[in-house]
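S.K.: The chain contents come next:
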Amino acid sequence: MGPFLFLFFAIFTVVCAIGVVVNKNAVNAAMSLLLSLVGVAGLFVGLEAYLLAFLLLLVYAGAIVALFLFIVMLLDMKGDDRPRLAAVPMLARIVAVALVAAGVVSFIARGHLPSPPVQVEPAIGSDLKVYAYQLFTTYLLPVQILGFLLLIAMLGVIVLSKRFEGMDDIK
Amino acid sequence: MVEFYNQLHPVVQGVLKGLAVIMVIFPLGGVCSMAERKVSAWIQGRPGPNRAIVPWAAWIPVLGPFLQRLGLFHVMADGGKMLFKEDPLPGHVNKFYFVLAPIVAMIPALTTVTAVPFGAYLDEAGRVIPLGLANVDIGLLAVFAVSSLGVYSLILAGWASNSKYPFLGGVRASAQLISYELSMTLSVIPVFMWINAPGRESTMGLGRVVEFQSGAWEGFTSASWGGLWFVFVMPVSAFIFITALFAETNRQPFDMPESEADLVGGFHTEYGAFKWGLFFVAEYAHMIVGSGVFTLLFFGGWNPLPWIPLAKLVAWLGVSSPILVGILSITIFLAKVLFLIFFFMWVRWTVPRFRYDQVMEIGWKKLLPLAIANLLFYAFEIGALQTAQPWWVHAAIGVATLLALVFVVMRPEQKLAA
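Line by line, the protein sequences give chains Z and S. Take 133 as the starting number for the first sequence in the numbering used here and just add one per residue. Take 52 as the starting number for the second sequence in the numbering used here and just add one per residue.
If you are wondering where the hints come from, they were derived from the structure by calculation, not from laboratory data. Mixed in with the good hints, there may be bad ones.
Said to hold, decoys possible - Straight line, CA to CA, 25 Å or less: simulated DMTMM-like cross-link-like pairs of lysine to aspartate or glutamate:
(1) S:Lys215 with S:Glu137
(2) S:Lys132 with S:Glu311
(3) Z:Lys294 with S:Glu412
(4) S:Lys89 with S:Glu311
(5) Z:Lys261 with Z:Glu180
(6) Z:Lys294 with S:Asp188
(7) S:Lys215 with S:Glu87
(8) S:Lys132 with S:Asp188
(9) Z:Lys261 with S:Glu137
Turn these sequences into a full structure, and let the hints guide you.
M.R.: Right, here's the structure in full:
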């Protein structure tokens with residue numbers, strides 16, 4: 133991918149990501165998130181990770197953001213006036229911004245990428261088989277842990293959302 | 052002609068190809084609306100639309116009245132009406148998203164075609180080369196990824212309309228489409244497990260699935276039993292896929308987002324004129340592409356009959372020109388797609404609409420466990436076939452799947468204490 137396409141998708145992604153945070157209307161924010169995800173998918177295509185690009189579109193753009201919108205519509209969020217922030221969240225915000233800024237500055241000033249290797253390895257996310265092989269060998273433990281975390285989250289949602297009013301309900 | 056085409060710039064070639072495909076699908080979507088009226092009339096035992104006629108056609112002695120009774124001119128009348136009538140833009144809507152929604156409906160519907168091969172021709176060596184806009188190896192994933200973006204048109208239309216019924220339609224659409232996407236994706240995994248043998252290049256390409264069903268692709272097990280279609284090898288997968296397809300394309304009995312009986316017009320209540328027409332055509336375009344994917348996955352694509360692949364038919368007929376073979380294969384493919392669209396209409400005018408809670412229950416409590424059981428069954432079965440296990444292993448796998456299904460799906464509803 134040429135530098136032009138990279139710049140286009142990178143700027144597009146960042147602008148849309150800012151839109152998610154800045155927009156007061158919840159639907160606008162969700163749509164910005166959608167566009168931002170499309171931008172990231174474009175970046176993946178540039179890295180020749182077609183599989184990841186399409187999975188991102190399928191899972192996040194196709195389902196997750198649609199669920200966000202579903203919730204936004206269900207709760208009919210207006211999002212007009214935000215409560216003024218208390219001291220502690222404001223402090224946390226400032227610290228977070230400072231940390232990110234420090235990271236970016238140090239990355240620009242000190243960081244350097246190793247010169248590109250002579251032989252470019254194919255991206256892991258380009259081919260289905262290579263990707264699956266990596267998942268089941270190198271990254272088996274993280275996949276298992278993530279699966280377990282998701283299971284815990286799912287159980288937690290069931291416990292929190294279901295109203296238990298007696299021992300008869302727990303079966 | 053061919054030389055002139057070949058010397059064009061690749062981008063121009065691509066644009067021409069894309070336009071050619073859209074020129075088929077867009078009018079086909081319009082004609083489908085006509086076909087729907089005719090099929091419904093046929094099923095309900097009435098003549099259906101048979102009045103409209105343009106003057107110059109009325110002058111033709113026999114053919115004119117025949118076409119009139121066929122209702123062909125109603126397509127033009129409908130299209131003209133939608134183009135020229137007033138395009139209302141209600142004052143209470145969110146204008147940006149209101150205008151955006153029909154466009155968002157059309158774009159994914161027409162974009163998915165790029166990854167769907169629709170025909171094939173034979174090269175000099177006698178190999179079957181698929182015809183399509185882009186032969187992407189990621190194939191079906193691309194179709195699923197892009198078509199899943201179509202849900203935004205319904206959500207946005209429902210939300211932007213800013214009134215009660217469209218809003219309910221939009222909420223229903225988002226819940227329903229996500230629910231059935233799961234079963235749909237799970238139902239096609241066995242097909243790709245079956246064709247991807249170990250030690251070979253992996254593929255998600257739809258062209259490869261057809262190649263396998265032609266008996267020309269060595270898969271996991273004993274090839275494909277000489278070109279057996281997947282609808283016979285995995286009927287349950289095909290059933291789940293077509294059921295989910297009904298839900299994904301908002302066809303009755305799953306048309307919750309626009310169910311006229313309780314939501315006036317659902318998500319498009321506030322729409323009129325050509326914006327409404329775009330929703331309509333997008334629905335049919337989704338149906339055409341979905342039927343195409345179903346044909347490729349389970350109905351053997353461009354192969355005329357099971358065990359008779361395209362190459363054999365071409366050899367019998369003695370056709371050698373690649374263009375003629377291409378036209379023949381596209382005709383076979385389109386015939387299957389049109390039959391499936393007829394099937395869609397047949398079901399629509401036969402089966403009454405589900406209630407919303409029934410739709411959710413079918414999706415989550417029936418179809419999803421069935422799809423998971425189906426997936427596990429084929430995973431074990433393929434393993435058993437590959438290692439050439441004796442017959443009782445296959446029988447044990449089948450019985451275990453059935454038992455698991457009976458316990459999960461068929462279990463009577465437990466009454467929850469309120």
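S.K.: Next step is simple, just say for each hint if it's right about the structure.
M.R.: Here is what the structure says about each hint:
1. S:Lys215 with S:Glu137: Roughly 23 Å separates the two Cα atoms, so the pair holds.
2. S:Lys132 with S:Glu311: holds (22 Å)
3. Z:Lys294 with S:Glu412: holds (18 Å)
4. S:Lys89 with S:Glu311: holds (20 Å)
5. Z:Lys261 with Z:Glu180: Measuring from Cα to Cα gives roughly 15 Å; hence the hint holds.
6. Z:Lys294 with S:Asp188: violated (44 Å)
7. S:Lys215 with S:Glu87: Given that 25 Å is the threshold and the Cα spacing comes to 29 Å, the pair is violated.
8. S:Lys132 with S:Asp188: violated (42 Å)
9. Z:Lys261 with S:Glu137: violated (54 Å)
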